[in-house]
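Protein chains: 2
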Amino acid sequence: VSDPNDLYVIIMAGGRGTRFWPRSRRSMPKQCLSLDGGRTLIQKTVDRVRPLAPAERVLVITAADMADAIAAQLPELPAENILVEPEGRNTAPCVGWGVVEVRRRAGGEAVIAVLPADHLIRDEDGLRGDLAAAAAAASATGALVTLGLTPTRPETGFGYLELGASVGDWGGRTLREVARFVEKPDVVTAEAYLAGGNHLWNAGMFVFTVGAAVAAFEAHLPDMWSALSRLEQAPEALPAIYPTLEKISFDFGIMERAPRVITCPSSPGWSDVGSWTAAGEHLPASPLGRALVRAGIAIDAGDCVVHAPEKVVALVGVRDLVIVDAGDALLVCRADQAQRVRDVIDALGASGLDDLL
Amino acid sequence: VSDPNDLYVIIMAGGRGTRFWPRSRRSMPKQCLSLDGGRTLIQKTVDRVRPLAPAERVLVITAADMADAIAAQLPELPAENILVEPEGRNTAPCVGWGVVEVRRRAGGEAVIAVLPADHLIRDEDGLRGDLAAAAAAASATGALVTLGLTPTRPETGFGYLELGASVGDWGGRTLREVARFVEKPDVVTAEAYLAGGNHLWNAGMFVFTVGAAVAAFEAHLPDMWSALSRLEQAPEALPAIYPTLEKISFDFGIMERAPRVITCPSSPGWSDVGSWTAAGEHLPASPLGRALVRAGIAIDAGDCVVHAPEKVVALVGVRDLVIVDAGDALLVCRADQAQRVRDVIDALGASGLDDLL
Numbered sequence: 044v045s046d047p048n049d050l051y052v053i054i055m056a057g058g059r060g061t062r063f064w065p066r067s068r069r070s071m072p073k074q075c076l077s078l079d080g081g082r083t084l085i086q087k088t089v090d091r092v093r094p095l096a097p098a099e100r101v102l103v104i105t106a107a108d109m110a111d112a113i114a115a116q117l118p119e120l121p122a123e124n125i126l127v128e129p130e131g132r133n134t135a136p137c138v139g140w141g142v143v144e145v146r147r148r149a150g151g152e153a154v155i156a157v158l159p160a161d162h163l164i165r166d167e168d169g170l171r172g173d174l175a176a177a178a179a180a181a182s183a184t185g186a187l188v189t190l191g192l193t194p195t196r197p198e199t200g201f202g203y204l205e206l207g208a209s210v211g212d213w214g215g216r217t218l219r220e221v222a223r224f225v226e227k228p229d230v231v232t233a234e235a236y237l238a239g240g241n242h243l244w245n246a247g248m249f250v251f252t253v254g255a256a257v258a259a260f261e262a263h264l265p266d267m268w269s270a271l272s273r274l275e276q277a278p279e280a281l282p283a284i285y286p287t288l289e290k291i292s293f294d295f296g297i298m299e300r301a302p303r304v305i306t307c308p309s310s311p312g313w314s315d316v317g318s319w320t321a322a323g324e325h326l327p328a329s330p331l332g333r334a335l336v337r338a339g340i341a342i343d344a345g346d347c348v349v350h351a352p353e354k355v356v357a358l359v360g361v362r363d364l365v366i367v368d369a370g371d372a373l374l375v376c377r378a379d380q381a382q383r384v385r386d387v388i389d390a391l392g393a394s395g396l397d398d399l400l
Numbered sequence: 044v045s046d047p048n049d050l051y052v053i054i055m056a057g058g059r060g061t062r063f064w065p066r067s068r069r070s071m072p073k074q075c076l077s078l079d080g081g082r083t084l085i086q087k088t089v090d091r092v093r094p095l096a097p098a099e100r101v102l103v104i105t106a107a108d109m110a111d112a113i114a115a116q117l118p119e120l121p122a123e124n125i126l127v128e129p130e131g132r133n134t135a136p137c138v139g140w141g142v143v144e145v146r147r148r149a150g151g152e153a154v155i156a157v158l159p160a161d162h163l164i165r166d167e168d169g170l171r172g173d174l175a176a177a178a179a180a181a182s183a184t185g186a187l188v189t190l191g192l193t194p195t196r197p198e199t200g201f202g203y204l205e206l207g208a209s210v211g212d213w214g215g216r217t218l219r220e221v222a223r224f225v226e227k228p229d230v231v232t233a234e235a236y237l238a239g240g241n242h243l244w245n246a247g248m249f250v251f252t253v254g255a256a257v258a259a260f261e262a263h264l265p266d267m268w269s270a271l272s273r274l275e276q277a278p279e280a281l282p283a284i285y286p287t288l289e290k291i292s293f294d295f296g297i298m299e300r301a302p303r304v305i306t307c308p309s310s311p312g313w314s315d316v317g318s319w320t321a322a323g324e325h326l327p328a329s330p331l332g333r334a335l336v337r338a339g340i341a342i343d344a345g346d347c348v349v350h351a352p353e354k355v356v357a358l359v360g361v362r363d364l365v366i367v368d369a370g371d372a373l374l375v376c377r378a379d380q381a382q383r384v385r386d387v388i389d390a391l392g393a394s395g396l397d398d399l400l
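From first to last, the protein sequence lines stand for chains A and B. Start counting the first sequence at 44; every next residue gets the next number (the numbering used here). Start counting the second sequence at 44; every next residue gets the next number (the numbering used here).
The shape of chain A in the complex, shown without the other chains:
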């Protein structure tokens, strides 16, 4: 069996995070932003796993236009650990390439944790315990393991895992079979899941041995695997191979097709920080609401999310706004419409303001 102490971490860092405009840009995506004025999201992601894996065993997979920013933020990583996709092909090719790369470096016994680059975790010790337990279970069972997050609200924006039988205990955690994957539910169903306690959020954090991943790719995405596995002997073929790969998510292409998936229930105070409104929960309390500013003045105002680290911000008579300053651009948005920042991106493109994207 694999040694769970020889954990490799693959950080998927190709997302753009357009909902974080104007701070996020093509060359400075969400994962490269500091929300609280300290370490950036991707720096926190790497910091978080360093007690489990040294820098040489942390791989970051990203896109060409953001690779420089990411490499600059992660000077502790060897240059060859920043893997640059020729183009985005969704997450299955990304994970598959990472598996090829780990097998090339470490062989088939290694254990891999796949993690998003742009989430926040309050209980980092708790998450590391969950990952260690998942790694031990992945080694012991040969199953694909996913972290399942205990819901804290009737969220309709995530997929869910329905829990099955107990599999056994590792690292103080009782792992469970995944009875089935559930698509994003309506609000009534989501409320029932929250009350019932038998469903967890599927949050894109996976743990498996190289061998289990290879077997799953061979079984469920054989053409993709056939192409990707050529890279182990011929890495120079990447630009030719990558654009031919099927655009499909790792969840849909592999996890949901696998006959056996187990989950490590996890409650680490996780957030995918899906919008400026969600980011607000991680900003300092302020008379403005939640704010990262030089200083805030509120005159009959408050309950706003403000990100303008260099500025004094004064609000008069306003509430429930998202206000984000970047040097060359400013966003003022109703808090309940923070998802529509994506529409701004479209409008900027249509207006030829490409330097703002």
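Treat the hints as calculated values from the structure; they're not laboratory data. Among the clues, some could well be false.
[Claimed, not checked] Just a few of them, taken from the derived set where beta-carbon distance is under 8 angstroms, the chain B residues facing chain A:
(1) Ala235
(2) Ile291
(3) Leu364
(4) Ala372
(5) Arg383
(6) Asp386
(7) Leu399
(8) Leu400
Source: prediction; values computed, not measured. Built from N, CA and C at the ideal position, the CB exists for glycine as well.
Add chain B to chain A, keeping to what the hints say.
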């Protein structure tokens, strides 16, 4: 009689315009701001009168902390035409000092127009015609003349002039006696004034001969005049004399006490630009509402006043806001509360943020 072609202009430029924070500062008051991206308010004020008076006959009276900015903006004015008050003592001492200075330079026959530095005029030719007519009438009658602005709304924030008999025609204008000055009315009264057509706004634009001004000061503010007139022989006494002068407005101390005041009715598209909301009328139309921005993106948004000349500004789901960016500070304010920007100034002072004032 005086020659109305020898007009002197005194521009009162000591105001701070705190309602234009964060663009206005102690060292960069409202009159030094460009609202539309072009010439600043005081530059426009000087430009406007230059066809009536050459630069050597334009005097600007201001405060020490803004004198540098004003001098830099008005390079065409001789240095000795920027008069710096040792401290602000309201407008009567300011006008009185200007009268002393004009008498010293030009003698008692000169005609003086006193103008605010921070107003906007759409019909500049019309205003110049009004000033020329007022100057001719001032010379011919020896009366104090005030420009009376035809009301365009039931404004409760201004004092009014009640019209009396016709005095005669000068420059195509029929000047009228001022029957009385009326304090700021309630809205019912203001609506009656608007409908009745017998009341004009008192807007702080005055025209008189030096002789008429001296006689009025001697009659109504004799102590002030006794002190100020010493400056004609002893200008070095300014710092000693000025702080002893009564703090009183020229309207209240002179105009309202004078036995005879006449007015030149005027409709030059005047605005005192009393708030960012009022300034909005002079900004370019934009999808954002009225905006001076690099570009504006509105997603289900509009009707805002935005002043951020260097930025691309995106609004999502918001209306009726005032949004003003300065390099180091940002204001977001409900449009109907734009007067409360003054409260921000107080709060900044209380917070020790003196560099923002």
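**Message:** Output the indices of the hints that this structure fails to meet, ascending.
**Reply:** 1, 2, 8
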